[in-house]
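The primary structure of each chain is shown beneath.
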Amino acid sequence: MFDRIFKFFSSLRLTVVCLGLAVILVFAGTLAQVDEGLYAGQARWFRSFFIWWGPHGAGWKVPFFPGGYLLGTVLLANLLAAHFKRFQLSWKKLGINVTHAGIILLLVGQLATDMLSRETQMGFAEGETKSYSESGMKNELVFITDAATPDKEEVISIPASFLKKQPEISDTRLPVKVRVKEFVANCNIRQRAPMLDKNPPPATQGVGLRATILPEPESKEPDKVNLPSAVIELVGVQGSLGTWLVSPWLGPQELQVGNKTWRIALRGERHYLPYTVKLLKATHEVYPGTDIPKNFQSRVQIENSKKGENREVDIYMNNPLRYEGQTFYQYQMGPSDYDPNRASNLQVVKNPTWITPYVGCSMVAGGMAIQFLMHLVGFISKRRAK
Amino acid sequence: MKKWLPWIVVAVFAAWLLGSLRMPKDKEWAYGSFGRLPVVSNGRTQPLDSLARNTLLQLREKQTANLEPWKEWYQKPKIISATEWVLAVMMKPDDADRWPVFRIDNPDVKGLLALPGEPNLAKKQDGKHYTWLQIKPKLADLQREVIRASKVDNSKRNPYDQSLIKLWTAQELYNRIKFTLGPVGAGNSDEAVKAYMEKVDAGRAAYMARMDKKEYDESALAWLGEQFETPLVLPVEPEKSRNQQWSRMAEDLIQTSRGGGTPNFAVPEYAKIAKAYRSGNAAEFDAAVAEYQSQLADKFAPALKKGRAEQFFNFVEPFYKAMIVFVCAFLLALGYWFKPKQWDWMRRAAVGLVVVALVVHTGGLVTRMVLEGRPPVTNLYSSAIFIGWGATILGLILEMFWRNSIGVVVSSTIGFITLIIAHHLSLSGDTMEMMRAVLDTNFWLATHVVVVTLGYASTFVAGFLAIIYIIRGVFTPSLTPDISRALTRMIYGIICFAALFSFVGTVLGGIWADQSWGRFWGWDVKENGALIIVLWNALILHARWGGLIKERGLANMAIVGNIVTGWSWFGVNMLGIGLHSYGFTNAAFRALLLFWVSQLILIGLGSLPKHMWRSFQGVQDSVPPTGGKPKKNLAPATS
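Read top to bottom, the protein sequences are chains A and B.
Everything in the first sequence is counted per the numbering used here, starting at 1 for the first residue and increasing by one.
Everything in the second sequence is counted per the numbering used here, starting at 387 for the first residue and increasing by one.
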């Protein structure tokens, strides 16, 4: 039995079948991205073990095609089994062995990147200093209060995904219980117009009294951000503190619990850095007489008091800054609420395995070159001999 | 004699090519000198000659203007050069407006504009080309339809919509050129400038009214807007402005009329040229052009030099000439196959011609690189040129080893086809456009893009070899065991290199993405397209090593490689999503579909049972009708 399984996993036929399925998967996934959006399409087709399908509206789904993770895993198993079975440490096989080792590294590295990497953004105007980056995809509900040390705040954060799933959130660290009344994944918020809005306001406390939620379809485009909103009821020890509207559209709102003042907000998930980044100058050049961008550039100052570091550096297209495990890329000119020519948006990426594709690629390229050149030299010398 | 024939053929072509390198001297009017004058359009410095040619390409798909298109070629219609045409548009627009330079093919668009759709010799109409005066009366209708069509999703536009948008772009380009010199084109008389400034003021008033949400004069505002879309025709002396090197005529005129200093030095020069041209005084015109050039030579020598080089490049048309030589080489190489023993001179002559074509092709490629200051591939157009170049070299290498004219056929056919594709791509405008910020890096353009494009080229070469295998095998008796073995080895070897190039190129693209925005692999459509090529080549190699496919299977799979590469090269640009959506492409979709269908038909032919192949008739079928295992009488797997 084991022999048969091993034989199955080490066969070249399996390689060919998997590669064929992978071709179909990539092609179909590309087409599907047009309708499903870049991120949703990726998750469904490539970052999955199976592609599920069910009739529209039906409650059931069946897997009908292997997903990217499954094919990747089988190919990896196939490769390992085949090498285990046929591995020879000889010069003749050097090229093939190096190539395949490189492919293993690439596959594993890509999986690790999928699991471990994190993309956030840092948007600021000239002169502004930031000590955190913000996620464009994920949001958090925060309760902020002044900490014992001056100039510091105490922040309690709840990922927005909890609000979507759980009707009630309670924790000893939270000053209140949170009951989710309504969650809109993407919306616009405008001032209430007394003539138009006859229905009651979304909330009984805070800015929600004067606002109207305009739900919008959830965007699937890679560079468009979804701005959610939630209506939550806050329940303290003495009972309900009313319902509140929170959204990244709105600033923090003050809330009195007992004798302590809290500020609540729903905002992009923040990741704090142990150093600060200050935008000194944003440059935005276009080609003469056109709107075609020629250069985006940010000059920033990094201040790291722990290391006693204080230096200036230029970040521009194709020239990122790698610092303390994070990489800062010039992303766009400023966020929309700033003067675009005097502000900048950096993409901040944490990817501990960023080096693997560089090494993997060199190995595969080198291995293939060795292998094919050996063929070619053999072939030419044979023809010469004729 | 036969020994010398190849050399004679090559010498004749080389003489023709060398002879065509001489640009004719200007006769009465210094059109050539005028065409050399630099302007900035599309964000880059270029000679007026390039601006004129690219505009005409978009208006009528030709680089010249035919003023009498209703005449057949033997009736000698009056055809003028692009420069001559652009000169008239700028300085004698009343004449140019009467020239039929707008090509319209779509009958519904003709109907919309109430244009005569049938040729009518008596009225001097050919039913395809129209003048600005014919289009202008219905411009409002055209605009209304264009606004509707532009709201339709790019992929869902029908031929009528596409034709509308094309015509709208064409008239915009035409009017931009017409407005380039403003009142200076009319000789810069005081009345002309005064009238011009009145229009400027009306446009400005309309703009202010619109800002205040009052009623405003739409046409006045549109006119003013168009003045600021024109090419930048005035070079600004470095000491006059720190950050601006070129300016528009309108900017300078408005500034001067508001009392903002003296006009740009080029303004009176252009006025002189225009005056001489309008009065029909050739000697004065030539002197004025020469005078402006000598002024430029002082401070703008690089722009002038680039203008000269680009004008020469435009004149030589190296890719067009390479195409002609490729066709001749192809015919000779094909001829050899009929009598391989006696007609070896044909094959050698074909090799010689491919080398000649390659020299011309390389010359064009390198000139483009120098003019742009870029690696060879910067856009879809140049990728076509480069694929042709790479495939030609691969074909020559194959020919070097096998000497059976297969390599020459590969070189000449792929070279020719890719240049035709490039020609069609050039119809959409300037092919040397500037690179957006993220693409503005010669290092990655030189590595990732070049290597990936070589991957495309070699995959196409393998696929084309497979086509030769199948066509010769099915339709002719010429696929002898020797030829069959040779072709199989060629296909296999080329696929090895295709796998290497496409893999390295794809991963380099990932590394570039990692450098640009921290995402090594983003499942972008173009990345996926390249990945499919890599996977497919890997699949072929593994299937071959595993003995799952033999000669015919290899050929069929290599043709699938063509389909896959066609998808990656063109298909993904048609999806219009993702970060790589720089390619144009709407009309190309049908061509791509046709290509795919043709490849599927070839695969169908390649899958015919062996007894239906003419080359294998009489040879025992390797697959017994009972469906047993194939006999191993074919070439061993070449691993």
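Hints are computed from structural coordinates only; laboratory data are not their basis.
Take the hints with a grain of salt, since some may be wrong.
[What the hints assert, rightly or not] With a cut-off of at most 27 Å between alpha-carbon atoms, the simulated BS3-like pairs for lysine-lysine come out as follows:
1. K294(A) <-> K626(B)
2. K389(B) <-> K411(B)
3. K692(B) <-> K382(A)
4. K936(B) <-> K93(A)
5. K727(B) <-> K389(B)
6. K281(A) <-> K626(B)
7. K585(B) <-> K537(B)
8. K85(A) <-> K585(B)
9. K138(A) <-> K278(A)
10. K936(B) <-> K7(A)
11. K294(A) <-> K411(B)
12. K457(B) <-> K537(B)
13. K448(B) <-> K509(B)
14. K448(B) <-> K411(B)
15. K580(B) <-> K294(A)
16. K382(A) <-> K457(B)
17. K685(B) <-> K294(A)
18. K936(B) <-> K92(A)
19. K152(A) <-> K181(A)
[Claimed, not checked] If we take Cβ atoms under 8 Å as the criterion, some of the chain A residues that face chain B in the derived model are:
20. F8
21. S10
22. R44
23. S48
24. F49
25. T283
26. T327
27. V349
28. G378
29. S381
Glycine included, C-beta positions come from ideal geometry on N, C-alpha and C.
Tell me, which hint numbers fail for this structure? Violated: hints 2, 3, 7, 8, 11, 12, 15, 16, 19, 20, 21, 22, 23, 24, 25, 28 and 29.
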